[in-house]
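Model the full assembly from the supplied sequences, consistent with the hints where possible.
Listed here are the chains, written in short residue letters.
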Amino acid sequence: MVRMIYVEIKKLLSSKTLWVLVAGALLPGIIAWLMLLEHHNIGWNDYLHVAMFIFNIQSILTFAVFVSYIWAREYEENMIEVVLCYPYPKYYYFLSKLVVMLFIILCTALMFVFGSSIFGALFFMKMIPLATMFKLMKILGLAVVMHFMLLPFMFFVVMITKHILSGIVLGVVCMVSSSVFVFTTYIQYIPFYIPMVLSDNMFGYDKAYLSSYSVPWYILSITFVLSFILCILDLRRKWELR
Amino acid sequence: MRRLLALEFLKLKGSLLNVLLLCTIFLPILIIVIQYMVSKDSSSFFSVVASNSTVISLSIFSVIIILASYIVAREYKDNTITYILMTPNSRIKVLVSKFIMLFISILLIEFFTFALLLITGYVLEGLSISYAIKFLEAWAKSSVMYFLLTSVVVYIALVRRNFVSSLLIPLIALVFTSPFMYKETYIIFPYLIPIVAVSNTLGVELNQGSSNSLQFVILFAVFIVFLFLSIKKFSARE
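Those protein sequence lines, which keep their order, are chains A and B.
Residue 226 in this note's numbering sits at position 226 of the first sequence, and the numbers go up by one each step.
Residue 86 in this note's numbering sits at position 86 of the second sequence, and the numbers go up by one each step.
Errors might be hidden in some of the hints.
[To be verified] Result set (BS3-like, lysine-lysine): computed pairs, CA atoms no more than 30 Å apart in a straight line: (1) A/16 / B/233; (2) B/77 / A/11; (3) A/162 / B/77; (4) B/232 / A/16; (5) B/183 / A/126; (6) A/162 / A/90; (7) B/77 / A/97.
Derived by calculation from the structure, the hints in this document are not laboratory data.
Because the structure is a prediction, the values reported are computed rather than measured.
Written out as structure tokens, the structure reads:
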């Protein structure tokens, strides 16, 4: 398993798709900085709230791109036959890719903290207060878990289509349609927007409607468990037929 | 030329993209209808469409990027470029046929989207002549504007020769910088111009950063520069 994770990381490091990660992590800070440039009476909390809002929306596409890439590249580059030659249980491939995705989310989150702190410091001309930093880390930690819980669903979509395009389209559709749902009450029930809604509320804002804190977590958990089971079942069905 | 154009459409037939094109037309409309149905305030269907025009524009432009990169990059991926270049057609003709095919596709996608929105509005609330005229204007304006941007995507696809990377570069740039459409500095990202123009035409002013003529001049300049670069790249003997 460790060897497979190592192989996945090596394959990933050799690709230029990593630039998407850099863009997804640093752009929210830059965009928030440029958007708030004309506003004067704002503090660190407002700035980080805007940056986090953009980060959560953009992350849907960022992670969808990575999931599509690390799963569908085996089919696109005709590597799947080579990969299947190795004597590992088939679900190991899925689990190793899931672990690699966790690393990717963690790296993106850390780069986001770094980028937002730098651009925030340029904006306010002072360093980020320690208490605000801890608050950001706490909210971001939960956002990492929430984004991770959405991954099996993305994997499942790419698995059944075996095409990189399907995952990218899923990411674009979810990201673009977020602006339609953002001010409605039922945004809290759509799994892809839950990280955005909960982060917004944890920052102390109520831009996105939230009636109960626990219901979105239940929805995310059900999405995670169901799509995880579907992925495993799909893998068993496909590879037993081979 | 007509034969090359027919060939381009034939290659598109039966690919996964057809499903995607249908999704792009129906999905934003479906989302807007849902929003109209569940909205508590008494806003009309056409005002809901106008306030969500950015969603329609972003989804249409995303599929145009996918389409443009696909029709160029697949020639390299499937190695059909060798056979195309063996035919007695000049390279410029081959490239121009791709651009014409893109223009026709954009016109059709936009036409079906706005026509379906108009029909849905007619079914829900009755016909509004003023909105029909606005939709017609938005259709014509956005079709031309989106087409002027395709040369950028085609050039990236010619340079990268890989479907995924040639698709991701413009798509990520578009989606990640889309918040700038609410700022007057949006003009520095030419691909946001059609989104702002459509929104302004439908009556929701995202910003008043620049005039119509300036928008067209910028897009035309982008088209000419990248068309020249694309022709140069495609004509280069390797």
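Hint-by-hint comparison with the structure:
Between the alpha carbons of residue 16 of chain A and residue 233 of chain B the distance comes to roughly 22 Å, so the proposed pair stays at or under 30 Å and holds. For the hint linking residue 77 of chain B to residue 11 of chain A, the alpha-carbon distance of about 20 Å falls within 30 Å, and the restraint holds. Between residue 162 of chain A and residue 77 of chain B the CA atoms are separated by roughly 17 Å; this keeps the pair inside 30 Å, and the hint holds. Between the alpha carbons of residue 232 of chain B and residue 16 of chain A the distance comes to roughly 25 Å, so the proposed pair stays at or under 30 Å and holds.
A threshold of 30 Å between alpha carbons decides the hint, and for residue 183 of chain B with residue 126 of chain A the separation of about 26 Å falls inside it, so the pair holds. Distance check on the hinted pair: residue 162 of chain A and residue 90 of chain A sit about 16 Å apart at the alpha-carbon level, within 30 Å; holds. Between residue 77 of chain B and residue 97 of chain A the CA atoms are separated by roughly 26 Å; this keeps the pair inside 30 Å, and the hint holds.
Hint compliance for this structure: every hint is met.
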